[in-house]
Amino acid sequence: MTIKLNGDPHEIPQPLSVSALLATLAIDARRVAVEHNLAVVKKAEYDTSIVKDGDEVEIVNFVGGG
Amino acid sequence: MDALVIAGRTFASRLIVGTGKYPSHAVMKAAHEASGADMVTVAVRRVDISRKTESLLDYIDTAKIFLLPNTAACYTAEDAIRTARLGREAGMSNWVKLEVIGDEQTLFPDNEGLLEATRVLVKEGFIVLPYTNDDPVMCRKLAEAGAAAVMPLGAPIGSGLGIQNPNNIRIIREQAKVPVIVDAGVGTASDAAVAMELGADGVLMNTAIAGATDPVMMARAMRLAVEAGRLAYLAGRIARKSYASASSPLHGVVGS
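Those sequence lines, one after another, are chains A and B. Sequential numbering from 1 applies to the first sequence in this note's numbering. Sequential numbering from 1 applies to the second sequence in this note's numbering.
The hints are simulated quantities; they were obtained by calculation from the structure and are not laboratory data. All clues stand as given, with none of them false.
Derived lysine-lysine pairs resembling DSS-like cross-links, with alpha carbons at most 25 Å apart:
{"id": "1", "chain 1": "A", "residue 1": "K42", "chain 2": "A", "residue 2": "K4"}
{"id": "2", "chain 1": "B", "residue 1": "K52", "chain 2": "A", "residue 2": "K42"}
{"id": "3", "chain 1": "B", "residue 1": "K123", "chain 2": "B", "residue 2": "K141"}
{"id": "4", "chain 1": "B", "residue 1": "K52", "chain 2": "A", "residue 2": "K43"}
{"id": "5", "chain 1": "A", "residue 1": "K52", "chain 2": "A", "residue 2": "K4"}
{"id": "6", "chain 1": "B", "residue 1": "K141", "chain 2": "B", "residue 2": "K177"}
{"id": "7", "chain 1": "A", "residue 1": "K4", "chain 2": "B", "residue 2": "K52"}
{"id": "8", "chain 1": "B", "residue 1": "K52", "chain 2": "B", "residue 2": "K21"}
{"id": "9", "chain 1": "A", "residue 1": "K52", "chain 2": "A", "residue 2": "K42"}
{"id": "10", "chain 1": "A", "residue 1": "K43", "chain 2": "A", "residue 2": "K4"}
{"id": "11", "chain 1": "B", "residue 1": "K29", "chain 2": "B", "residue 2": "K64"}
{"id": "12", "chain 1": "B", "residue 1": "K64", "chain 2": "B", "residue 2": "K21"}
{"id": "13", "chain 1": "B", "residue 1": "K123", "chain 2": "A", "residue 2": "K42"}
{"id": "14", "chain 1": "A", "residue 1": "K43", "chain 2": "B", "residue 2": "K64"}
{"id": "15", "chain 1": "A", "residue 1": "K43", "chain 2": "B", "residue 2": "K123"}
{"id": "16", "chain 1": "B", "residue 1": "K177", "chain 2": "B", "residue 2": "K123"}
{"id": "17", "chain 1": "B", "residue 1": "K52", "chain 2": "B", "residue 2": "K29"}
Bear in mind that the values here come from a model prediction, so they are computed numbers and not experimental data.
Please work from the sequences and hints to get the whole structure.
Structure, rendered in structure tokens:
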């Protein structure tokens, strides 16, 4: 199944929790924020929030800026 | 130096610095230390999924330095609000340097969108620090909308032109009931000192330090300039006069 991850198509084998998605991407969950279908996902909901086929996910972090 | 207090939070330094455009993260870290700043701005961007990159946060001691996420490059209130919400989740603080940009060439703010976004985010419990024009009326409206401070520009972002409208900055300070942070436009130390002498409560800069030939030395210069400007403001400068007023006694001159 295909999700839209940071604007690009991304294949996932089956529906995944946000935690599992971050783990497959080797991203440290403590340093990012995740938006799932335009709503911010609280860190406490990473295990229970499930990403399915066709969903849109944005994963952001802090970068240099003024 | 007297502390800067915004929304009940105390900062030892009146200099706020950015984290962008440094030659390296190591130089940034050294510049932050030299600046004495205890608040730095950061941008919120998509994680690069395809390659592992060094984390900015490895080079910021967040035990000492407060992170202020910005909404740079947002051109609508909606995008800025969305970015602010993500920044809050990534940083675990409800502070935001709110930018709603209205023009690509000048990066001047879209004040309609800015005011709208300020109202929404204040209602959601954010501590909103909006980047705005050097316009006293706009600054008043933002403060009335609940902004915790107002951040008028000195000149366009990254331009290094210095304070283009000192009189407006002075008026904004006289009228505002919240802290005034001059944000953007500083090119060198004297520009920062001028902003502080006009009464600004603080100065926020990125390019002036990051783009200097020696960012660490410039960071120290800015620290000293902000302190000097603040002290000069508090000390109360003399009035400007058109003609000389002798400093030495006029009597007892040899040969008179």
